[in-house]
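Student: In order, the protein sequences belong to chains A and B. Quick note: the first sequence uses my numbering, first residue -3, plus one each step. Quick note: the second sequence uses my numbering, first residue -3, plus one each step.
It is possible that some hints are incorrect.
Copies of the same chain are indistinguishable here, so a pair counts whether it falls within one copy or spans any two.
[Claimed, not checked] For lysine-lysine, the following DSS-like pairs were computed, each having C-alpha atoms within a straight-line distance of at most 30 angstroms: (1) K169 - K153; (2) K184 - K153; (3) K261 - K282; (4) K169 - K338; (5) K153 - K224; (6) K36 - K282; (7) K169 - K344.
In short, the hints are calculated from the structure, not lab data.
2 protein chains.
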Amino acid sequence: MVDIATRVWNHKWKIDPIVRSLIDTDFYKLLMCQSVFRNKPDTVVTFSLINRSKHIRLAELVDEGELREQLDHIRTLRLTRGESTWLRGNMFYGKRQMFRPDFMEWFEGLRLPPYHLEKRDGQYELTFEGKWPEVMLWEIPALAVLMELRGRAVLHKMRRFELQVLYARAMTKLWEKVERLRAVEGIKIADFGTRRRHSFLWQDWCVQAMTEGLGEGFVGTSNCLIAKNRDLEAIGTNAHELPMVYAALADTDEELAQAPYEVLKDWHEEHEGNLRIILPDTFGTKGFLERAPDWLASWTGIRIDSGDPVEGAETAIAWWKSRGEDPRQKRIIFSDALDVDKILDLHKRFAHRAKVSYGWGTLLTNDFRGLVPGDALAPFSLVCKAAAANGRPTVKLSDNPEKAMGPPEEIERYKRVFGVGEQKRIKVEV
Amino acid sequence: MVDIATRVWNHKWKIDPIVRSLIDTDFYKLLMCQSVFRNKPDTVVTFSLINRSKHIRLAELVDEGELREQLDHIRTLRLTRGESTWLRGNMFYGKRQMFRPDFMEWFEGLRLPPYHLEKRDGQYELTFEGKWPEVMLWEIPALAVLMELRGRAVLHKMRRFELQVLYARAMTKLWEKVERLRAVEGIKIADFGTRRRHSFLWQDWCVQAMTEGLGEGFVGTSNCLIAKNRDLEAIGTNAHELPMVYAALADTDEELAQAPYEVLKDWHEEHEGNLRIILPDTFGTKGFLERAPDWLASWTGIRIDSGDPVEGAETAIAWWKSRGEDPRQKRIIFSDALDVDKILDLHKRFAHRAKVSYGWGTLLTNDFRGLVPGDALAPFSLVCKAAAANGRPTVKLSDNPEKAMGPPEEIERYKRVFGVGEQKRIKVEV
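Pulled out of the complex, with its shape left as it was, chain A reads as follows:
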């Protein structure tokens, strides 16, 4: 029987909204948001969309009107009562009441601030300027909207069975990855694929397939909405935007040099255990670890998010040893451009030397490579970054100069202050 009411209801939709919840975002965004809400609530920050894959001419692929409709829809979203209850009452990383009442009250009242959208050279210039805790929440939905609209533009031309076979192929592709991964003893993988997912429904399918296929080997998802709906762990700690903004706010080179540690000092006060994960690469991993205060060596682990991951992990292990720590008690989370081959290789190298886990992103939730002519659904490298704070440009050096951001003269200053020399260039695919 056709459910007539559902069908009629569906016909009433003005648009098919891509993001339908304020918690359809990465868990670490909310953790960071609370931290920022407490420590830097009035900092004015600008987030900017950056398409590193210049050959994907987004403004030609995605209709501006559709994009505005989607972004406008996100601005109508409010935290629902059930979402709020979940955030307030759920156990995250073994801890209840991770989110404090004052933060929750603020979040319950929040609507996302306005956006600024222009077309230039076949690309969209999409920026969000405002108080840091507000604008930072645009990052993930903005990326997800652009990724999915680009996909929809391609799917729009396909016929019914072509579409079904497209998803059949994508499912088969993912399941073959699952079958390879579940053969690995002790694997621990989380979904980090919200921002560059093919679509919400697809990410939700991938997460469920990982749950069934990997069992205990699938530790959770960074996506709060999916974690809530599917009763999974919400996974994530912190990201580059914290040291980037703290650094931009520094008035002197001395303060700049200390900024990344200030971030972690604030974090140290607030979190413990598995949430104490160092993200060392914002201004170069090597110098960061060398100059790190001793208390940082006591942290639970490290996340390797750029550069050669083998080199990054070796650097971390050597650093722990130099500080009298046992690397086998430490966690290394790999999260940069992972796919099965890389996961298996890293696992072979490091699983016996540390606790390792994997934050698997784009190639978990958006591996549509090779599935349509012209590879028009292949994922690409789209990011949305804090570009300025209180009027000053931010800088990111990363362990891969291809991922560096900021005005050239500022990059030079940061390289000097953080003692970053020659870096190896690695092509950024996703």
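On the provided structure of chain A, position chain B as indicated by the hints.
Tutor: Just chain B now, with coordinates in the frame of chain A:
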């Protein structure tokens, strides 16, 4: 929204019936049934299930209670008003009122006769004895039920996403075939896969995928229910059971030798055009064509259903030439154990020498080879044949001795009467 009524209704089903309609059968069965109803209505025939793939121990895989439930359900089926209207009013092969009022009246009152079921040596002995026009209609549903129950026994142990990926893989597999076939200029393919389909829903999906993927290249389906529901051509002409039963009824060797031509004489009176398709292999193609009366050379085409198809087609082409006919005006329908490679090869060889088309069966609607461990869903060679008529055993020689049927001494007599010498053995896969 969940359609609660549908869900509750579904829970009320005692079984999930595999065959839900008397026209969920091959079109040629109905054509032959009408012919038999007219010419031999009181002949008592026994149909028997034969599993040529002895290693598939059906009675161990399929629960007897479930099998009986399915067969009992089929005995409750009656032609619906809509089905009757379609049979009476639809245009088949360009002709209206293909089915005569007296036949339709009989069909409208029909319920399938009892079956006889026993287990022996890990196999089911399933037989249907009664008036030919009634028992002949058991063949297709009986095969479809056993094929699908065997599949269900395997699927029963699989988990949700495993199942989804299984069908994703099967869809991908079929679509890759469609993509190869649609690249071929002038291809003409029909679905002949009802009897050994994976399931009804899967056959329905395959037919729709072929419709979208091949367009004009997909000429229709042998399945009447799907043809009706999907507004496609119903395809098919006649089968071995006609000459087999006519031959068994012959009282002398002379009558036996004439029996296959008697069948076609009856058919000639009744049908014209594209329904005049010779099926020459029941007692050996070569001798059958050599001794054929001249009027048979005027028929529209021939169906190659056993033996080496290249040899069969060459024999037909040479025969037409010897009778002064232009093979390029004739149709050759290949229908034995086809898959894409074979279709492409035959097309290359014969498309410029005759009108060729393909009745694609098992490997269209049941290619689950390689998709589950132990290949437990691979199709196998199950048939249901007229084994006796008015108490006399039937015989089939075929162009492949692996497909021969009947008591050895009768086979010898037939070989003598029809002048069949040495035959090439070809392994029967499906």
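Student: Each hint: holds or not?
Tutor: Going through the hints against the structure:
When the C-alpha separation of K169 and K153 is checked against a cutoff of 30 angstroms, the pair qualifies both within a copy, at 22 angstroms, and between copies, at 22 angstroms. Only between protomers do K184 and K153 lie at most 30 angstroms apart by alpha-carbon distance; the minimum there is 26 angstroms, versus 38 angstroms within a single protomer. Proximity of K261 to K282 under the C-alpha cut-off of 30 angstroms is restricted to the intra-copy arrangement: shortest distance 19 angstroms within a copy versus 92 angstroms between copies. With identical chains, the CA atoms of K169 and K338 are at most 30 angstroms apart both within one copy (16 angstroms) and between copies (28 angstroms).
In this assembly of identical chains, the alpha carbons of K153 and K224 lie at most 30 angstroms apart only when taken from different copies (29 angstroms versus 34 angstroms within one copy). Taking the closest pair of Cα atoms, K36 and K282 come within 30 angstroms of each other only inside a single copy of the chain (28 angstroms); across copies the shortest separation is 92 angstroms, beyond that limit. In this homomeric assembly, K169 and K344 come within 30 angstroms of each other (Cα to Cα) only inside a single copy, at 23 angstroms, whereas the closest approach across copies is 33 angstroms.
Every hint, counting from the list given before, is met by this structure.
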